[in-house]
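Just so you know, the protein sequences line up as chains A and B, in that order. 487 is the number that the UniProt record's numbering gives the last residue of the first sequence; the numbers go up by one with no jumps. 94 is the number that the UniProt record's numbering gives the last residue of the second sequence; the numbers go up by one with no jumps.
Treat the hints with care, as some may be off.
Within a straight-line C-alpha distance of at most 20 Å, the following computed SDA-like cross-link-like pairs (lysine to any residue) qualify [unchecked claim]: (1) A:Lys345 to B:Ala25; (2) A:Lys345 to B:Glu82; (3) A:Lys345 to B:Ala18.
If we take Cβ atoms under 8 Å as the criterion, some of the chain B residues that face chain A in the derived model are [unchecked claim]: (4) Ala25; (5) Tyr27; (6) Leu41; (7) Val61; (8) Val66.
Because the hints were derived from the structure by calculation, they are not lab data. Every residue gets a Cβ at the ideal spot worked out from N, C-alpha and C, and that includes glycine.
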Amino acid sequence: MKLFAKPAHELHGLLVQKEITATELVEAHLGRIDTVEPQVQAYMTRTAEAALAEAQRVDAKVAAGEAIGPLEGIPMALKDNLCTDGIKTTCSSKMLHNFVPPYDATVVKKLKEAGAPLLGKLNMDEFAMGSSTENSHFFPTKNPWDLNCVPGGSSGGAAAAVAAGEAVFSLGSDTGGSIRQPAAFCGVVGMKPTYGAVSRYGLVAFASSLDQIGPFTRDVRDCALVMNAIAGHDPLDSTSAPVAYPDYTALLGQSIKGWKIGVPKEYMGEGLEPGVAAVIDKALQVFCDLGAEVQECTLPHTEYALPVYYLIAPAEASSNLARYDGVRYGYRAEGADDIVEMFKKTRAEGFGAEVKRRIMLGTYALSSGYYDAYYLKAQKVRTLIKQDFDQAFERFDLILSPTSPTVAFPFGSRTDNPLAMYLSDVCTLSANLAGIPGLSINGGFAGGMPVGLQLMGKAFDEPRLLQAAYAFEQETGYHRQMPQLGE
Amino acid sequence: MSLTKAEVEHVAMLARLALTDDEVAMYTTQLNAILDYAQRLEALDTSAVAPTAHVFPLHNVFRDDVVRPSMEQAKIVANAPEEEDGFFRVPRIV
Chain A
1 MKLFAKPAHE
11 LHGLLVQKEI
21 TATELVEAHL
31 GRIDTVEPQV
41 QAYMTRTAEA
51 ALAEAQRVDA
61 KVAAGEAIGP
71 LEGIPMALKD
81 NLCTDGIKTT
91 CSSKMLHNFV
101 PPYDATVVKK
111 LKEAGAPLLG
121 KLNMDEFAMG
131 SSTENSHFFP
141 TKNPWDLNCV
151 PGGSSGGAAA
161 AVAAGEAVFS
171 LGSDTGGSIR
181 QPAAFCGVVG
191 MKPTYGAVSR
201 YGLVAFASSL
211 DQIGPFTRDV
221 RDCALVMNAI
231 AGHDPLDSTS
241 APVAYPDYTA
251 LLGQSIKGWK
261 IGVPKEYMGE
271 GLEPGVAAVI
281 DKALQVFCDL
291 GAEVQECTLP
301 HTEYALPVYY
311 LIAPAEASSN
321 LARYDGVRYG
331 YRAEGADDIV
341 EMFKKTRAEG
351 FGAEVKRRIM
361 LGTYALSSGY
371 YDAYYLKAQK
381 VRTLIKQDFD
391 QAFERFDLIL
401 SPTSPTVAFP
411 FGSRTDNPLA
421 MYLSDVCTLS
431 ANLAGIPGLS
441 INGGFAGGMP
451 VGLQLMGKAF
461 DEPRLLQAAY
471 AFEQETGYHR
481 QMPQLGE
Chain B
1 MSLTKAEVEH
11 VAMLARLALT
21 DDEVAMYTTQ
31 LNAILDYAQR
41 LEALDTSAVA
51 PTAHVFPLHN
61 VFRDDVVRPS
71 MEQAKIVANA
81 PEEEDGFFRV
91 PRIV
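Full structure from sequences and hints, please.
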């Protein structure tokens, strides 16, 4: 029985039936990590001992006849920008190479309370800036489906670990597509929740008005289960939404007959690979077969999402990353005579090229004389992009598109041209700008590589996104395929 | 609107980044390419559009002003590159 290939809800059944123990489950994943990690390189830090200790606690509970929760004993891993008390949190940056947080992020606290053993921390693009995980200061993570290709980014380690069977689920963060695009490239489920649905407390900030934490899972039911564990209002995050939170599994299995699904024509045009287009066409047919009505729709300001994003996100980043000055934590350059020189040298040596590029861009966009022309203009166009979605959701239950215009690309193919790399996120940026939820599932394969299907819905409409994704998944079964690794 | 090397050096100073000459040259080229791309926003008339700083209505979040325990000092300075007697130590400021 390949325990590393099963979703959490099946493993929970096996634990409850006493067919397996939580210790066996953690050991199966540690073994899988030993086998495939030399190829995949998803982990920054491993925490095997703590995971085994947690598994023993769960086993004792089961042995005593106590009930266990749906994620109790289910091994997980976390993107290395989520603060973990006493465990190194590097953001894959030289700047934080030695940073050990003195507290847990709210999502980490919640998953600890849910009893999920932590296997370790996962590689990413430095400070979550990138679309390929090539910007990690330490090493690139490989795509488990083709080791010559990138896993996507910035949560590349989090996507690759789940795809390769190195964790049952993981958490990443998504500022412009950093959960959904790697989920698409690695053929797993990835969700960016509605802005405010998951607390950002303890997430190392990149662009505060766009960042959201969300799950990577093997199937849609697991995504709902992890959302049940991490969503909710948190007084420690002032942008956390004080609303009633649903049971995210509640609508799974219900029919989507009669739903109206919009396919934005702007997402199906230039730059879309023919293989991806073919998968999307086939997926649309599946939704028709499920009784939904699929129609072309328009989000007219889509072409402006990329320039808006690349002004707003770097502007917010330049402000958030001002804190890395070599005083309170992280890297400090040697040999500076005064404090300003120490700041400048520390930041020059501690940050990589992409992070510096965005700090420069953001600082310029916010600087005196240019604020109105760039930052304010971008915020105004952000309003127009949000209005596009408001209007579309008056007519449609959900919007369906590719997650990325291409499948995973080879290493080095886009590193010389920042704009070409940014185009990888062209289908995902708008959901962050509008604050709405976006879910990527495996929509099929093109040339042996997984193609992501993105479902976007109204704010706080995650249960219905999951309902539609579940219906598709049950009908097609693409999610059951795993890459051939270490066999 | 084209960014000069001198402006890039000024921005680097504002951002507290020591850049090499090669980096200044590279960022001048790359930032100009990105800003050229951003120029397409000029095609939109936004004179009557309100800016979105935040997607949902934001309100001030208040709590009662009560004394609560803070994190202990030793834990806070544990990550400092240099500390002395529970304080952060830095190079000469004035």
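Exercise. Within a Cα-Cα threshold of 20 Å, do Lys345 (chain A) and Glu82 (chain B) meet the stated pairing?
Worked result: Given pair Lys345 (chain A), Glu82 (chain B) holds - Cα atoms ~16 Å apart, limit 20 Å.
For this session: With a cut-off of 20 Å on the C-alpha distance, tell me whether Lys345 (chain A) and Ala18 (chain B) pass.
Result: Given pair Lys345 (chain A), Ala18 (chain B) holds - Cα atoms ~6 Å apart, limit 20 Å.
Exercise. Given the hinted pair Lys345 (chain A) and Ala25 (chain B), is their alpha-carbon gap at most 20 Å?
Worked result: 18 Å, holds
Problem set entry | Agreement of hint Val66 (chain B) with chain A interface, Cβ distance less than 8 Å | 13 Å, violated
For this session: With a cut-off of 8 Å on the beta carbons, see whether Tyr27 (chain B) makes it to chain A.
Result: 5 Å, holds
Problem set entry | Interface hint compliance - Ala25 (chain B) to chain A, C-beta minimum distance less than 8 Å | Violated, about 13 Å.
Problem set entry | Restraint satisfaction for Val61 (chain B) [CB to CB of chain A, less than 8 Å] | Check passed: Cβ of Val61 (chain B) comes within 4 Å of chain A, closer than 8 Å.
Exercise. Should the hint that Leu41 (chain B) touches chain A count as held when the rule is a Cβ pair under 8 Å?
Worked result: Since the shortest Cβ distance to chain A is 5 Å, the answer is holds.
In the structure shown, a violation is registered for the earlier hints numbered 4 and 8, in ascending order.
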